[in-house]
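Each chain is listed here by its residues.
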Amino acid sequence: MQLFPMQAIAIESRRRGQRLVGPIDLTLGGQGATVVIGPNGAGKTTLLQLLHGTARLSAGQIDWACPTEEARHHQAFVFQRPVMLRRTVLENLTYPLRLRGVGKVRARQMAEEWATRVGLEPLLGRAAPVLSGGEQQKLALARALICQPTLLFLDEPCAALDGRATREIEAILQAAKSQGTRLILSTHDLGQARRLADDVLFLLGGRLHEAGPADTFFNQPETEEAQAFLRGDIVE
Amino acid sequence: MVDIWSGIAQAFWLVFTLDAELLEIAGRSLRVTLSALLVACLIALPLAALVAVKRFRARRLVIAVLNALMGLPPVVVGLIVYVVLSRSGPLGVMGLLFTPTAMIIAQVIIIVPLIASIAHQSIRDLWEEYHDLLISMNVTQGQKIQTLLWDSRRALLTAALAGFGRAIGEVGAIMIVGGNIDHATRVLTTAIALETGKGEFALALALGFVLIGLAVAVNLAIHWLGRTEREGRW
Numbered sequence: 000m001q002l003f004p005m006q007a008i009a010i011e012s013r014r015r016g017q018r019l020v021g022p023i024d025l026t027l028g029g030q031g032a033t034v035v036i037g038p039n040g041a042g043k044t045t046l047l048q049l050l051h052g053t054a055r056l057s058a059g060q061i062d063w064a065c066p067t068e069e070a071r072h073h074q075a076f077v078f079q080r081p082v083m084l085r086r087t088v089l090e091n092l093t094y095p096l097r098l099r100g101v102g103k104v105r106a107r108q109m110a111e112e113w114a115t116r117v118g119l120e121p122l123l124g125r126a127a128p129v130l131s132g133g134e135q136q137k138l139a140l141a142r143a144l145i146c147q148p149t150l151l152f153l154d155e156p157c158a159a160l161d162g163r164a165t166r167e168i169e170a171i172l173q174a175a176k177s178q179g180t181r182l183i184l185s186t187h188d189l190g191q192a193r194r195l196a197d198d199v200l201f202l203l204g205g206r207l208h209e210a211g212p213a214d215t216f217f218n219q220p221e222t223e224e225a226q227a228f229l230r231g232d233i234v235e
Numbered sequence: 000m001v002d003i004w005s006g007i008a009q010a011f012w013l014v015f016t017l018d019a020e021l022l023e024i025a026g027r028s029l030r031v032t033l034s035a036l037l038v039a040c041l042i043a044l045p046l047a048a049l050v051a052v053k054r055f056r057a058r059r060l061v062i063a064v065l066n067a068l069m070g071l072p073p074v075v076v077g078l079i080v081y082v083v084l085s086r087s088g089p090l091g092v093m094g095l096l097f098t099p100t101a102m103i104i105a106q107v108i109i110i111v112p113l114i115a116s117i118a119h120q121s122i123r124d125l126w127e128e129y130h131d132l133l134i135s136m137n138v139t140q141g142q143k144i145q146t147l148l149w150d151s152r153r154a155l156l157t158a159a160l161a162g163f164g165r166a167i168g169e170v171g172a173i174m175i176v177g178g179n180i181d182h183a184t185r186v187l188t189t190a191i192a193l194e195t196g197k198g199e200f201a202l203a204l205a206l207g208f209v210l211i212g213l214a215v216a217v218n219l220a221i222h223w224l225g226r227t228e229r230e231g232r233w
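From first to last, the protein sequence lines stand for chains A and P.
Heads up, the first sequence is in numbering that gives the first Met the number 0, so the first residue is 0 and it goes up one at a time.
Heads up, the second sequence is in numbering that gives the first Met the number 0, so the first residue is 0 and it goes up one at a time.
Hints are computed from structural coordinates only; laboratory data are not their basis.
One or more of the hints may lead you astray.
[What the hints assert, rightly or not] To give an idea of the chain P side of the interface with chain A (calculated C-beta under 8 Å), a few residues:
no.	residue
1	Gln120
2	Asp124
3	Glu128
4	Tyr129
5	Leu132
6	Ile134
7	Met136
8	Asn137
9	Val138
10	Gln140
11	Asp150
Here the structure is a predicted model, which means the values were calculated and not measured.
Built from N, CA and C at the ideal position, the CB exists for glycine as well.
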């Protein structure tokens, strides 16, 4: 399914008359990883939700290369705090497959393959809500990737994780990227942004201050705000 | 105090000798109550899930009405069902008055709001937790409700048990619509009321202990079948 190029035209999100994000114009191609960076409250999560369609646009429009409803079927979203279904690890993995009509036996087979791939195989029968934070995030990632989405959104996927869990999650993301999954993730961890980004969107106060290739952004940021953010100054 | 001991002894004796009349009455109590519970769950649980996930104009009103109806006086329910099912009532032609079916209808009306209200609280909490995930997965309304009902099944079991407790202990409404007819509509609670009226306190107490034992046994059985408290946090 051809989703890209995706074009966001003057998209805005307002709540109670207050502008949270926008207006933002954006065009995304179908390759690599785009990292949305910015300080807390910059509107990173809202932007991802607007693009994914789980938050309502107050103004503007988003055009995919295919009808929007179809485009949504080829996307997945991983949240900062993973949402675990009150089921076993196996059932969490088979859930999206069963929703899409995959047979029980095939779904189980795929779930076992993915559990092995992300290192959760010994925990297949365990209740998902009692897993550790890192295990839950790996499960959330595997559950999102199991349907082979064309586009995967990740909202600060490693925000509450230690170094080891972060490394494991990033390895899964790199593998997904190399297999053709388009990634759009938000983070305020500059190290992670440097490791994963092909493109960067720098948000501040709900506005897109800078967008472009990661190399250019990290080595020659154009705006003063981006320079200050990269220096580690507090920007608001 | 003597009545209590004598009641316990008599209850033990009735159960031990498998008293035919007791078995008939207890069996009818269970049949009526479990049928009412099944019908009530089929109405209340999807209703609770729908109210939790669907946004519509009268939603708050529906929730307020469900909560208010939890305190519905059984005698009034019995009276209304009596009027509706009586020969001159709108459904009189069906000839249901003074039958176990009429008792089931009254019990269903009494316990649907109770089960729906308790279930709604649990499903609403779970919906809050699952909202973003299920929306991002593009699930249909039907899949949403199915998922929420399945994943909150243990909390729903509690709602169902509350309904069972209310129904099996019900006397006012089923006395009116059932008529406490021997070998037809007599159940444990109406039999207790009858024996108390006759001054047979020991027998009434015995039936009371049997009723308590039955309620506890069914609760334990449902808990055991539902594997509550045995599968970790959820």
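- Query: So which of those numbered hints doesn't the model satisfy?
  - Reply: Of the numbered hints, 1, 2 and 10 do not hold.
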